[in-house]
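Following the hints, complete the assembly by docking chain U onto the known chain H.
The listed protein sequences correspond, in order, to chains H and U.
Numbered by our numbering, the letters in the first sequence go through residues 327 to 621 in order.
Numbered by our numbering, the letters in the second sequence go through residues 218 to 377 in order.
Hints were generated in silico from the structure; no laboratory data involved.
One or more hints might be untrue.
To be verified - Now the stretches of chain H that chain U is said to cover, found in silico as 3 or more residues with beta-carbon under 8 Å:
id: 1; segment: 327 to 335
id: 2; segment: 364 to 377
id: 3; segment: 424 to 431
Stated by the list, open to error - List time: in silico BS3-like cross-link candidates among lysine-lysine, alpha-carbon distance up to 25 Å:
id: 4; chain 1: H; residue 1: K615; chain 2: H; residue 2: K560
id: 5; chain 1: H; residue 1: K484; chain 2: H; residue 2: K531
id: 6; chain 1: H; residue 1: K337; chain 2: U; residue 2: K221
id: 7; chain 1: U; residue 1: K220; chain 2: H; residue 2: K337
id: 8; chain 1: H; residue 1: K381; chain 2: U; residue 2: K221
id: 9; chain 1: U; residue 1: K335; chain 2: H; residue 2: K618
Think of the CB as a built atom: it goes at the ideal place given N, C-alpha and C, for glycine as much as any other residue.
Now for the letters of each chain:
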Amino acid sequence: MAIVHEFEYLKPKTLKEALHAVAKNRGAMLLAGGTDLVGHLKEGSVAPSLIVDIKGLRELKKIVLKGRILNVGALVTFGELMESRVIQSKFPVLTEIAGKVASVGIRNRATMVGNICSAVPCLDSGPVLLAMDAIIHVKAVRGGRMIPAKKWFLQARKTAIKPGEIVTHVSIPLPEEKGAGCYIKLGRYQGEDLAQASVFVWMGKKGQSRVAFGSVGPTPLRGTRIEKHLKGKKLDPAVLDLAKELVSEEVSPITDIRATKEYRLHMCKIMLERALLSAEARIRGNGPKYGKSLI
Amino acid sequence: MMKKSISFQLNKEMRTIDVSPNEGLLEMLRDRIGVKSPKCGCDRGDCGTCTVVIDGKTVRSCLVLAIEVDGSELTTLEGVMNQGQINPLQQMFLDKNVFQCGFCAPGMILSATELLEKHPHPTREQVQEGLAGNLCRCTGYTPIIDAVLEHGGCKGGCRE
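Looking at chain H on its own, in the form it has when it is part of the complex (with noise of 0.2 Å):
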């Protein structure tokens, strides 16, 4: 399929120079790996009269540990994030969750940051962000602002940027104790497909545990209530089963095309117990492997 709407292409070399053209341009876009954009010119349904490309922008494609915040450039993608050695090592949970987007090709071409820009429901990326208190760093000629993941995520494809913004990077803070995280993705079938129902954990040694749901809600929801109840437990078969009568107090899944609401409630506290049970088996080393499929 052509696309019809016709626009100007602009592929700048410096952030000052693309943060410019946003500025100005009003009904500009920026494309990075493009396979939503691209999608979405072909539909019609986005009409940008400048695509800024920022590709040629070489620093933002870095991925970067300083102590303990793991920085993300908006440039990096899916795949760079699954073969990254500093996050293999670190925080291996967002290989996971990077292996679970799509496919190879789209992998290598899709960014993270694009994924929490299109803030689709489903998004893959946004529970582990939400869930670990990840700040997205935006710039604008006038300066930066940093936006926590959960004043990130507004609608259902609406986010805070606001005009003439660029993210940069997002940065995650690897928490001090030693823990464990696991990301399961119901698809209706084996293999790629956007979630039905995604569960994201991470528990800590001491005590500590996160949770977050994506495709269950307008944006992904984070379980505050389950992680309260969690905190310095023991997972035994009580625990669990509160912690699952907990789900439906935290998510809001809706009946669409890809399954009905009380299925997805219904996954949702399947996936919990086994993605907590995982990650508590991780950090004793007999976890699964990262990237096995778990449902």
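Relative to the frame of chain H, chain U by itself:
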């Protein structure tokens, strides 16, 4: 809309062509240059039949603008042959008769090539993951996966 002259390597040959910003890479390759191995299937990145290689990585050419490949190295199925001869992976596919209609073949071969570069002796799971997103409506995938495993030297899949 300003046309722009872009230059890139296509299967080791330099090309220069004028493109409009809204021109898709797949359309440019097929309709203007005449490279016909990438096919238009779903046109939304789900099926893999438009797969080409940009700077060593497989991508969905239906989700790339032509103007984006300025300065890149592109490879299509036409470029993986050895001096006009099919390569050993292709020969394996042929020997095992893995394709029926062949529409998915270009994407399957390019994806399998990328996988084997990363994992020369892949497990069955790695092959499945590497070929996921390349839809085949004829075969049920088994012969394709088996052929990649056998090419990797492990019938039935290597151990990790």
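Outcome of the hint check:
Closer than 8 Å: that is the beta-carbon criterion, and the segment 327 to 335 of chain H has 9 residues meeting it against chain U, so the requirement of 3 holds. Counting residues of the segment 364 to 377 of chain H whose C-beta lies closer than 8 Å to any C-beta of chain U gives 5; at least three are required, and the coverage claim holds. Only when three residues or more bring their CB closer than 8 Å to a CB of chain U does the claim for the segment 424 to 431 of chain H stand; here the count is 5, and the claim holds. A distance of roughly 22 Å separates the Cα atoms of K615(H) and K560(H); the hinted pair therefore holds under the 25 Å criterion.
For a cut-off of 25 Å, the pair hint linking K484(H) to K531(H) is broken: about 36 Å separates their Cα positions. Distance check on the hinted pair: K337(H) and K221(U) sit about 12 Å apart at the alpha-carbon level, within 25 Å; holds. Between the alpha carbons of K220(U) and K337(H) the distance comes to roughly 14 Å, so the proposed pair stays at or under 25 Å and holds. With a C-alpha separation of about 17 Å, the suggested pair K381(H) and K221(U) falls inside the 25 Å cut-off, and the hint holds.
With a CA separation close to 19 Å, the supplied pair K335(U) and K618(H) stays within the 25 Å bound.
Going down the numbered hints, you'll see the structure goes against just number 5.
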